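S.K.: Listed here are the chains, written in short residue letters.
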Amino acid sequence: MTDLILDSPHPKKNEPTRRDFLLLTAGAVGAVGTAYFAWPFIDSMNPAADILAQSTVDVDLKPIPAGQAITVVWRGKPIFVRHRTAEEIKAAEQTPMGDLLDPATDQSRVKKGHSEWLIVVGICSHLGCIPTGNKPTQDRGKYGGWSCPCHGSLYDTSGRVRRGPAPLNLSLPPYTFLTESTIRIGVDEAAHG
Amino acid sequence: MDKLTKIARWIDYRLPVFSFLNHELREYPTPRNLNYWWSFGSLAGITLLVMIISGIFLAMHYDPNSKQAFNSVEYIMRNINYGWLMRYLHANGASMFFIVVYIHIFRGLYYGSYKSPRELLWILGVIILLLMMATAFMGYVLPWGQMSYWGATVITNLFSVFPFGEAIVEWLWGGFSVDDPTLNRFFVLHYLFPFLIIGVVILHLVALHQHGSNNPLGIERKEPRDSIPFHPYYTVKDLFGLGVFGCIWAYFVFFNPNFFGEPDNYIPANPLVTPPHIVPEWYFLPFYAILRSIPNKLFGVLSMFSAVFILFFIPWLDTSKVRSATFRPIYKWVFWSFVIDCFILGFVGAHSPDYIHEILGGLSNQALGQITTLYYFTFFIIFLPLLGIYEKPRRLPTSLSEPVLTTNKGKNSTTRNGVFVLFFLSSLNPVYGTDQQPPLPQEPWSFQGPLGTFDRTELQHGFQVYKQVCSACHSLEQLRFRDLAALGYNSDEIKAIAAEYKIETINDDGAVAERVALPTDKIPGPYKNEQAARAANNGALPPDLSLITKARSGGPNYIYALLTGYEAKPPKDIQVTNGMHYNPFFPGGQIAMIPPLSEGLVTYGDASQPTVNQMAKDVVSFLSWAAEPELEERKQTGYKALIYLVLFTLLMYFVMKRIWNKN
Chain F
1 MTDLILDSPH PKKNEPTRRD FLLLTAGAVG AVGTAYFAWP FIDSMNPAAD ILAQSTVDVD
61 LKPIPAGQAI TVVWRGKPIF VRHRTAEEIK AAEQTPMGDL LDPATDQSRV KKGHSEWLIV
121 VGICSHLGCI PTGNKPTQDR GKYGGWSCPC HGSLYDTSGR VRRGPAPLNL SLPPYTFLTE
181 STIRIGVDEA AHG
Chain A
1001 MDKLTKIARW IDYRLPVFSF LNHELREYPT PRNLNYWWSF GSLAGITLLV MIISGIFLAM
1061 HYDPNSKQAF NSVEYIMRNI NYGWLMRYLH ANGASMFFIV VYIHIFRGLY YGSYKSPREL
1121 LWILGVIILL LMMATAFMGY VLPWGQMSYW GATVITNLFS VFPFGEAIVE WLWGGFSVDD
1181 PTLNRFFVLH YLFPFLIIGV VILHLVALHQ HGSNNPLGIE RKEPRDSIPF HPYYTVKDLF
1241 GLGVFGCIWA YFVFFNPNFF GEPDNYIPAN PLVTPPHIVP EWYFLPFYAI LRSIPNKLFG
1301 VLSMFSAVFI LFFIPWLDTS KVRSATFRPI YKWVFWSFVI DCFILGFVGA HSPDYIHEIL
1361 GGLSNQALGQ ITTLYYFTFF IIFLPLLGIY EKPRRLPTSL SEPVLTTNKG KNSTTRNGVF
1421 VLFFLSSLNP VYGTDQQPPL PQEPWSFQGP LGTFDRTELQ HGFQVYKQVC SACHSLEQLR
1481 FRDLAALGYN SDEIKAIAAE YKIETINDDG AVAERVALPT DKIPGPYKNE QAARAANNGA
1541 LPPDLSLITK ARSGGPNYIY ALLTGYEAKP PKDIQVTNGM HYNPFFPGGQ IAMIPPLSEG
1601 LVTYGDASQP TVNQMAKDVV SFLSWAAEPE LEERKQTGYK ALIYLVLFTL LMYFVMKRIW
1661 NKN
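Residue numbers (the working numbering), protein chains in the order written: chain F, 1 to 193; chain A, 1001 to 1663.
Quick caveat, the hints were computed from the structure, so don't treat them as lab data.
Do not rely on the hints blindly, as some may be mistaken.
[As the list claims (entries may be wrong)] List time: in silico SDA-like cross-link candidates among lysine to any residue, alpha-carbon distance up to 25 Å:
#	chain 1	residue 1	chain 2	residue 2
1	A	K1467	A	E1074
2	A	K1640	A	Y1390
3	F	K90	F	R140
4	F	K77	A	A1472
5	A	K1640	F	A38
6	A	K1467	A	Y1390
7	A	K1332	A	H1277
8	A	K1502	A	Q1464
9	F	K112	F	D60
10	F	K62	A	P1587
11	A	K1528	F	D50
12	F	K77	F	V32
13	A	K1495	A	G1605
14	A	K1550	A	K1572
15	A	K1522	F	L127
16	A	K1635	A	G1261
17	A	K1522	F	G186
18	A	K1635	F	G30
19	A	K1640	F	T34
20	A	K1222	A	I1056
21	F	K62	F	A86
22	A	K1332	A	Y1390
23	A	K1495	F	T34
24	F	K77	A	M1060
25	A	K1640	F	V72
26	A	K1495	F	G186
27	A	K1495	F	G33
28	F	K77	A	K1467
29	A	K1067	F	A38
30	A	K1640	F	L24
31	A	K1657	F	R140
32	A	K1550	A	H1277
33	A	K1321	A	G1261
34	F	K62	A	I1314
[Unchecked claim] Across the chosen pairs, the derived CB separations fall in these ranges:
#	chain 1	residue 1	chain 2	residue 2	range
35	F	P78	A	Q1531	50 to 58 Å
36	F	T179	A	A1532	36 to 44 Å
37	F	D43	A	T1611	38 to 46 Å
These numbers were taken from a predicted model, which means no experiment stands behind them.
Quick reminder that beta carbons are idealized off the backbone N, C-alpha and C, glycines included.
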């Protein structure tokens, strides 16, 4: 509609007139208004207030024996909560950076003083499948972490990708230790360390 | 630019979309003398688009299920970003659409726009009107409030007068009453029909462009100077009209969003209780009045349907050769009296049949409805055909340009048009169910008026009253604890408030367990279910309070009057039933709720005195917030929108003056 107005039937070439100014202003005001009018509609498709608020899950760690893991749901996503054994921690810490596709130290992926707990978002960074290996009966792959059934990506005991096609490590959700044996997923009150 | 032109040419050679648009929207030769009444066609088109867009976005969040529909609408209002804006835009948009379309129809009727060769153009328009009516009716059912439900019941029952009526009605319902299947199909059809309307609108435009617009003089164009290109003359004129219209629409959306609505529709549908005043939306009132004024069911329904279907025959009922009423001295009067007749019919429809019109010498509403119904049909069946034969039209001008250059009656018609618009707007005020027995005391609420905001202290005090008094029996189920942040509580305070409540959950063993409520939980009600609530209250159900100030006519003033209006000694002529209490403001005067407030019932944290009036005021403020948590954001957004729209309108006005003066 706007450009139709601008395109007036008697254009005076190379001579800005008051009418040109008026038409340009009107066109600009119309365009800005249309954009503002569109915003509420676009924004309405964003997560609603209650979905944004629905963002923390408390997890009791006591029932998880070393070497095993559970899956909890946070914001509709599976979160892998894994109780690592001493060997698994050691293997993860001693992996040379050069062997990693997406280099990150094991320390950077756990909370300080809680290195036996690895908490990652259980979604393969390739195309969003859920890797197997969280249940004792499932295949954990060559690196002892998780293996993705869709396209064969492998993850190690720190949730780092070791074989593609996945480009990135399993991501870390924000979480906080409320006590020694409970965590709250969704809030990150202490920095990783 | 050159490259773009090339691409455009390439496309246009294969698919002539640009030349089509150019031809139909730009060069399109239009009579030079169209007045503002001709803007309503394009306004209707734009309104249709806005309705479709807002409707699509609402449908993304709406749940067409009889258990969830009402709550999902409230969910849209409270949780979806700008959900309140989209819903109010859509709900008020329906009224705006009918205002625009009715004016468009009256314009056609006045200027004889249906006469040869535009009969099909008119008929397509009537089809659009019918589709609109069906769409509006089904849309009104979707919020699944009391008016939705009972409107759906009454309207579908109209079909029971036809042969095999009962079977037809059950087929419409998909059951033995209005229920889930009905709601589901109404939702689907409500979504579908607007696209059918678009289809008929396209045909309407094709028919229009075949012979071009009629014009205020009603004579055909003869010479090239009678026409001007549609763009920029009428694009800018229509944009100016759009600006004015946008201001009116925005006023209702942002500052008076429930003006056209019914308080009863904020009460969830209840198939066992019909509301005491059931009335259709204002745009159906004249037809509803025709239905009611005829004491026979079959003839009432047939008259109502004929009142719409007779529009199809107007091109042949009107025998006059002259189109425009400007040159028809008698028809002009008959036309305006018909317009007034339609307004009176609407007024009749808004009042109960027993209503007595004192100013009309004690005429009953029923009788007034019969007189106006008679005139409605007389206009079509007697006046339109006979006037064409007996009326002596004035001399017609020879060309469009002649009177445009010599006319001096512009002023006169502007005044008349202004009077018409004022009359139209004033008659829109719904007068339903305002026969409140004692007049309500008017409290000066801080949140009233276009600038009003909530008082945080009042809200917190009100919440305290709710929590310590009302919540013993009344739930607040649309609210979550975290919503209390709007009262000025911080997140720790909200956590502490929530922690006072327990929520039932299922634990890992599958057993029912309890946990402490979190800020994201809904505020739990006092009873597990309706049966428990009734059992605890002598059979009466304490209503949910989330929407109470919107769900009662009189709003906050009514709730305040109810809370403070108990009288220990009822008047002698009133027998108060055992277990009931006398309160003149409650319909019927007897209420099951014991007087809830007494002096000093709660202790406020500050110096305020907990008198009955103060507590009532605080809790009503709190409940008004609970019903309209978006109120402050709505008004603020409204100011921005109105400032923009006024600016837009002024700019378009100057552009229009500029473009038209060149002519």
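S.K.: The structure should be examined with respect to each hint, and the outcome stated for every one.
M.R.: How the hints compare with the structure:
Using a Cα cut-off of 25 Å, the hinted pair A:K1467 and A:E1074 holds, with the two alpha carbons roughly 22 Å apart. For the given pair, A:K1640 sits about 56 Å from A:Y1390 by alpha-carbon distance, which is inconsistent with the 25 Å threshold. About 17 Å separates the Cα atoms of F:K90 and F:R140, which keeps this hinted pair within 25 Å; it holds. Restraint check for F:K77 and A:A1472: the C-alpha separation of about 39 Å exceeds 25 Å, so the hint is violated.
Distance hint between A:K1640 and F:A38 is fulfilled; the C-alpha atoms sit about 15 Å from each other, no more than 25 Å. This hinted pair does not check out: A:K1467 and A:Y1390 have alpha carbons roughly 75 Å apart, beyond 25 Å. Restraint check: the Cα-Cα separation between A:K1332 and A:H1277 comes to about 37 Å, which exceeds 25 Å; the hinted pair is violated. Restraint check: the Cα-Cα separation between A:K1502 and A:Q1464 comes to about 18 Å, which is no more than 25 Å; the hinted pair holds.
The suggested pairing of F:K112 with F:D60 holds, with an alpha-carbon distance near 19 Å, which does not exceed 25 Å. Of the pairs offered as hints, the one joining F:K62 and A:P1587 is violated, with about 60 Å between alpha carbons and a cut-off of 25 Å exceeded. Distance hint between A:K1528 and F:D50 is fulfilled; the C-alpha atoms sit about 23 Å from each other, no more than 25 Å. The hinted pair formed by F:K77 and F:V32 fails the criterion: a straight-line CA distance of about 38 Å is larger than 25 Å.
Between A:K1495 and A:G1605, the direct Cα distance comes to roughly 19 Å. Compliance with the 25 Å bound is thereby established for this hinted pair. Straight-line distance between C-alpha atoms of A:K1550 and A:K1572 comes to about 33 Å, which puts the hinted pair past the 25 Å bound. With a CA separation close to 36 Å, the supplied pair A:K1522 and F:L127 exceeds the 25 Å bound. For the proposed pair A:K1635 and A:G1261, the alpha carbon gap of about 19 Å is at most 25 Å, so the pair holds.
A distance of roughly 20 Å separates the Cα atoms of A:K1522 and F:G186; the hinted pair therefore holds under the 25 Å criterion. The hinted pair formed by A:K1635 and F:G30 meets the criterion: a straight-line CA distance of about 22 Å does not exceed 25 Å. Of the supplied pair hints, the one linking A:K1640 and F:T34 holds, its CA atoms being roughly 14 Å apart against a limit of 25 Å. Among the hinted pairs, A:K1222 with A:I1056 is inconsistent with the structure: their alpha-carbon atoms are about 45 Å apart, more than 25 Å.
Distance restraint check for F:K62 and F:A86: the Cα-Cα separation of roughly 17 Å lies within the 25 Å cut-off, and the hinted pair is therefore satisfied. About 14 Å separates the Cα atoms of A:K1332 and A:Y1390, which keeps this hinted pair within 25 Å; it holds. Restraint check for A:K1495 and F:T34: not satisfied, since their Cα atoms lie roughly 41 Å apart, outside the 25 Å limit. Of the supplied pair hints, the one linking F:K77 and A:M1060 holds, its CA atoms being roughly 22 Å apart against a limit of 25 Å.
With a C-alpha separation of about 45 Å, the suggested pair A:K1640 and F:V72 falls outside the 25 Å cut-off, and the hint is violated. Under the criterion of a C-alpha separation no larger than 25 Å, the hint pairing A:K1495 with F:G186 is consistent with the structure, at around 16 Å. For the hint pairing A:K1495 with F:G33, the CA-to-CA distance comes to about 41 Å; that exceeds 25 Å, so the pair is violated. Restraint check: the Cα-Cα separation between F:K77 and A:K1467 comes to about 36 Å, which exceeds 25 Å; the hinted pair is violated.
Distance check on the hinted pair: A:K1067 and F:A38 sit about 32 Å apart at the alpha-carbon level, beyond 25 Å; violated. As the CA atoms of A:K1640 and F:L24 are separated by approximately 22 Å, the hinted pair is consistent with the 25 Å bound. Simply put, A:K1657 and F:R140 have alpha-carbon atoms about 76 Å apart, too far for the 25 Å limit, and the pair is violated. The suggested pairing of A:K1550 with A:H1277 holds, with an alpha-carbon distance near 16 Å, which does not exceed 25 Å.
Distance restraint check for A:K1321 and A:G1261: the Cα-Cα separation of roughly 43 Å exceeds the 25 Å cut-off, and the hinted pair is therefore not satisfied. Restraint check for F:K62 and A:I1314: not satisfied, since their Cα atoms lie roughly 82 Å apart, outside the 25 Å limit. Range check, F:P78 to A:Q1531: Cβ separation about 39 Å, and the 50 to 58 Å hint is violated. Under the hint 36 to 44 Å, the C-beta atoms of F:T179 and A:A1532, about 37 Å apart, fit the expected range.
Restraint check, F:D43 to A:T1611: a C-beta distance of roughly 44 Å satisfies the suggested window 38 to 46 Å.
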